[in-house]
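What follows is each chain in one-letter form.
Number of protein chains: 2
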Amino acid sequence: MSKKNVLIIGAGGVAKVVAHKCAQHNDVLGEIHIASRNIAKCEAIIGSIARKQNLKVPGTLQAHAVDALDVPALVALIQKIGVSMVLNLGSSFVNQTVLKACIEAGVAYLDTAIHEDPEKICETPPWYANYEWKHKDACAEKGVTAILGAGFDPGVVNAYAALACSEYFDSVDSIDILDVNAGSHGKYFATNFDPEINFREFTGQVWTWQNREWTSNSMFEVKLTRDFPVVGEQSLYLTGHDEIHSLSQNLDVPNVRFWMGFGEHYINVFTVLKNLGLLSEKPVTTAEGQSIVPLKVVKAVLPDPASLAPAYTGKTCIGDLVKGVKDGQPKEAFFYNICDHAENYAEVESQAISYTAGVPAVAAALLIADGTWDVGKMVNVEELPPKPFLTKLSELGLTTFMQDAEGERQLF
Amino acid sequence: MSKKNVLIIGAGGVAKVVAHKCAQHNDVLGEIHIASRNIAKCEAIIGSIARKQNLKVPGTLQAHAVDALDVPALVALIQKIGVSMVLNLGSSFVNQTVLKACIEAGVAYLDTAIHEDPEKICETPPWYANYEWKHKDACAEKGVTAILGAGFDPGVVNAYAALACSEYFDSVDSIDILDVNAGSHGKYFATNFDPEINFREFTGQVWTWQNREWTSNSMFEVKLTRDFPVVGEQSLYLTGHDEIHSLSQNLDVPNVRFWMGFGEHYINVFTVLKNLGLLSEKPVTTAEGQSIVPLKVVKAVLPDPASLAPAYTGKTCIGDLVKGVKDGQPKEAFFYNICDHAENYAEVESQAISYTAGVPAVAAALLIADGTWDVGKMVNVEELPPKPFLTKLSELGLTTFMQDAEGERQLF
Numbered sequence: 000m001s002k003k004n005v006l007i008i009g010a011g012g013v014a015k016v017v018a019h020k021c022a023q024h025n026d027v028l029g030e031i032h033i034a035s036r037n038i039a040k041c042e043a044i045i046g047s048i049a050r051k052q053n054l055k056v057p058g059t060l061q062a063h064a065v066d067a068l069d070v071p072a073l074v075a076l077i078q079k080i081g082v083s084m085v086l087n088l089g090s091s092f093v094n095q096t097v098l099k100a101c102i103e104a105g106v107a108y109l110d111t112a113i114h115e116d117p118e119k120i121c122e123t124p125p126w127y128a129n130y131e132w133k134h135k136d137a138c139a140e141k142g143v144t145a146i147l148g149a150g151f152d153p154g155v156v157n158a159y160a161a162l163a164c165s166e167y168f169d170s171v172d173s174i175d176i177l178d179v180n181a182g183s184h185g186k187y188f189a190t191n192f193d194p195e196i197n198f199r200e201f202t203g204q205v206w207t208w209q210n211r212e213w214t215s216n217s218m219f220e221v222k223l224t225r226d227f228p229v230v231g232e233q234s235l236y237l238t239g240h241d242e243i244h245s246l247s248q249n250l251d252v253p254n255v256r257f258w259m260g261f262g263e264h265y266i267n268v269f270t271v272l273k274n275l276g277l278l279s280e281k282p283v284t285t286a287e288g289q290s291i292v293p294l295k296v297v298k299a300v301l302p303d304p305a306s307l308a309p310a311y312t313g314k315t316c317i318g319d320l321v322k323g324v325k326d327g328q329p330k331e332a333f334f335y336n337i338c339d340h341a342e343n344y345a346e347v348e349s350q351a352i353s354y355t356a357g358v359p360a361v362a363a364a365l366l367i368a369d370g371t372w373d374v375g376k377m378v379n380v381e382e383l384p385p386k387p388f389l390t391k392l393s394e395l396g397l398t399t400f401m402q403d404a405e406g407e408r409q410l411f
Numbered sequence: 000m001s002k003k004n005v006l007i008i009g010a011g012g013v014a015k016v017v018a019h020k021c022a023q024h025n026d027v028l029g030e031i032h033i034a035s036r037n038i039a040k041c042e043a044i045i046g047s048i049a050r051k052q053n054l055k056v057p058g059t060l061q062a063h064a065v066d067a068l069d070v071p072a073l074v075a076l077i078q079k080i081g082v083s084m085v086l087n088l089g090s091s092f093v094n095q096t097v098l099k100a101c102i103e104a105g106v107a108y109l110d111t112a113i114h115e116d117p118e119k120i121c122e123t124p125p126w127y128a129n130y131e132w133k134h135k136d137a138c139a140e141k142g143v144t145a146i147l148g149a150g151f152d153p154g155v156v157n158a159y160a161a162l163a164c165s166e167y168f169d170s171v172d173s174i175d176i177l178d179v180n181a182g183s184h185g186k187y188f189a190t191n192f193d194p195e196i197n198f199r200e201f202t203g204q205v206w207t208w209q210n211r212e213w214t215s216n217s218m219f220e221v222k223l224t225r226d227f228p229v230v231g232e233q234s235l236y237l238t239g240h241d242e243i244h245s246l247s248q249n250l251d252v253p254n255v256r257f258w259m260g261f262g263e264h265y266i267n268v269f270t271v272l273k274n275l276g277l278l279s280e281k282p283v284t285t286a287e288g289q290s291i292v293p294l295k296v297v298k299a300v301l302p303d304p305a306s307l308a309p310a311y312t313g314k315t316c317i318g319d320l321v322k323g324v325k326d327g328q329p330k331e332a333f334f335y336n337i338c339d340h341a342e343n344y345a346e347v348e349s350q351a352i353s354y355t356a357g358v359p360a361v362a363a364a365l366l367i368a369d370g371t372w373d374v375g376k377m378v379n380v381e382e383l384p385p386k387p388f389l390t391k392l393s394e395l396g397l398t399t400f401m402q403d404a405e406g407e408r409q410l411f
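Residue numbers (numbering that gives the first Met the number 0), protein chains in the order written: chain A, 0 to 411; chain B, 0 to 411.
Simulated from the structure, these hints should not be mistaken for laboratory data.
We put the beta carbon where it would ideally sit given N, CA and C, even for glycine.
Keep in mind that a hint or two might mislead.
[Claimed, not checked] Facing chain A, from chain B, some residues (calculated, C-beta under 10 Å):
hint, residue
1, W213
2, N267
3, L272
4, N274
5, L277
6, K295
[To be verified] Listed next, the in silico DSBU-like pairs over lysine-lysine satisfying Cα-Cα at most 30 Å (straight line):
hint, chain 1, residue 1, chain 2, residue 2
7, B, K273, A, K186
8, A, K273, B, K386
9, B, K273, A, K295
[Stated by the list, open to error] Anything over 12 Å on all C-beta distances counts as not near chain A; from chain B, calculated:
hint, residue
10, A43
11, N53
12, W132
13, S173
14, A189
15, N191
16, E195
17, S234
18, S279
19, T284
20, T285
21, G375
22, P387
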């Protein structure tokens, strides 16, 4: 099997990285199309690729306007341009429609984050079962390859989990996914994604898989402090996250948790805004009678996340802390990657948070293209062989390290 | 001389205290009229007075609607109801028009805060000379008594300064006015006055009189920590305030400063809001294209200051720390008052911040009524004899203490 010509949906920070990386491998991937509601943002990405000379061989690199909530329009675009693969990097609200269009058109589908309903905040599990997994049968019937959550987290961390279970442990008791951004954007305060999406993650309950049951906590209730390779001591907080659901279903592991690193300053600003009611999505009325959603005002005064990348310095560290048993002995290992904001910006004009999310999607696309991961059904990343993925990832710029009792060493 | 029948302008927290206290002395003051743009707020104050049975003898207690920026309307009201005294407790923006109306009608005038131009934030000195003092000649020509700044600060603290200079020191080197609210309203965050007015005081430069010169600092730049009588250790910050200007001109004192107490929590919330741009009076545009002034949104989400009084607990401590020389020896004394939020609420349904500002205005009104302070010209409080004022204040519920090398004792 071999699949060529890709359509990238979306024109945000992650889509930009994906477009750059696809362009660097257009000898394999063929035509590169970028579609978004706002065609000017697609054109800007093409301009960035030209500026960085990232198109490997002469070929198609084209922008399109499309409403990703409009299934017939998506199908028509896919058929018109003749792609065999759609890389969905649009907002979390469009997964269902893009997936339906791919099934209808019979092309491969890939995304990096779970579907969200704009009306629901911090939805209760089972997340994938509420949305994407309802299309499993349709994918299998039509032989459509659909790889869910192929970013870093979810994505690479799922592959780390699969690798740990298959190669390094006889049994695993816990997988703690640790996500630290030890970088600095130099602003008083900013969010790395759209503030509305960013704050939505942290205003409700957080769900984790503990003792084979869903467990609920409030945000910033449970804290973990750990000394990390390269980035040093960091504080993280128990958070809900997409991959907890699929890992809890696909791997026989009693505890799957996700921890996000936050500095004291971020938590302080967040807490003040939340307690004052300024993160509310419900409109308030001013003394002058104007009705306004406070969160939209906060978004208006914060820096545009896209403006942060040029000045971003420092590193990210994301990985899986795995605890279990090997050869009858207790064992602990941390599988991780380190990424550098400024290096990423020099290569693709994006910071490391977008880079780590986008590069794995292109590694997965290359594995679909060469047949390795072109499985003709819907899967999450942990259901696929991890070694080809981690090898490809290393070639693309994201290396994998392991830290255990014997020290730190590069695996891929 | 004897003056009767008073018109209260305004229907906010301080006006409410003034109305209660005037009612408690209507045997001396005669008819009590309350006027505001919103007549319902005046009626609510009359309801509160009835509920607390604070009208001493049967008599007139009447609400009126008036626009305090409309001089002819004010003159017509003064003449129609036949008052001889106007107590201006309206917003800081109406001093000039109310004063003009009093001069035109030939009745006594009194206020508790300096005039402000709504377009100017943290204006540079000389403050009184920019507004009220321009009417000094007109008051003298018509024999109109106009007492400026007859609240607590300005007001009582000016009388403390005059008392210190005339009775307790041969020469004074510095007067530091210290204003501490050690009370708690039980909310996550709230301002004690209209948030717009409250934050205006702290967003720009602060001006103080040091070494006989105007000195500028930024807000929260200079901190003072001191152990106070009753309320214990408190942190205060150098702030600009009305009375610094008049005291610097009327007393021969090289250093006059004002310090406001702030808790760490208030400063933290203020700093977050200010640094994010949420205290800005300049409109921003949301992603949806709506234009909105961020400060008005902050005001909309904060508790209504008027709603705080019933649950307010704790005490205020406001006074003058005076340093100088007496009988050839260095001397230091703190003249101060302690006020209790819950006691004030029990008496007049207002917290201590409104109480301390309103009661002195009524003490001054009683001294105008009996002729003691009916001077037929425009003056600031430090230009009047302090002892009758502090004696009257003590009768009305605000006692004066002094703390020096010999300990603490009640003076009035």
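Status of each hint after checking the structure:
{"no.": "1", "hint": "W213", "in the structure": "violated, 30 Å"}
{"no.": "2", "hint": "N267", "in the structure": "holds, 7 Å"}
{"no.": "3", "hint": "L272", "in the structure": "holds, 7 Å"}
{"no.": "4", "hint": "N274", "in the structure": "holds, 5 Å"}
{"no.": "5", "hint": "L277", "in the structure": "holds, 6 Å"}
{"no.": "6", "hint": "K295", "in the structure": "holds, 4 Å"}
{"no.": "7", "hint": "B/K273 - A/K186", "in the structure": "holds, 14 Å"}
{"no.": "8", "hint": "A/K273 - B/K386", "in the structure": "violated, 50 Å"}
{"no.": "9", "hint": "B/K273 - A/K295", "in the structure": "holds, 17 Å"}
{"no.": "10", "hint": "A43", "in the structure": "holds, 18 Å"}
{"no.": "11", "hint": "N53", "in the structure": "holds, 30 Å"}
{"no.": "12", "hint": "W132", "in the structure": "holds, 32 Å"}
{"no.": "13", "hint": "S173", "in the structure": "holds, 36 Å"}
{"no.": "14", "hint": "A189", "in the structure": "violated, 10 Å"}
{"no.": "15", "hint": "N191", "in the structure": "holds, 16 Å"}
{"no.": "16", "hint": "E195", "in the structure": "violated, 9 Å"}
{"no.": "17", "hint": "S234", "in the structure": "holds, 19 Å"}
{"no.": "18", "hint": "S279", "in the structure": "violated, 8 Å"}
{"no.": "19", "hint": "T284", "in the structure": "violated, 6 Å"}
{"no.": "20", "hint": "T285", "in the structure": "violated, 4 Å"}
{"no.": "21", "hint": "G375", "in the structure": "holds, 40 Å"}
{"no.": "22", "hint": "P387", "in the structure": "holds, 41 Å"}
Taken one by one, the earlier hints fail for this structure at numbers 1, 8, 14, 16, 18, 19, 20, listed in ascending order.
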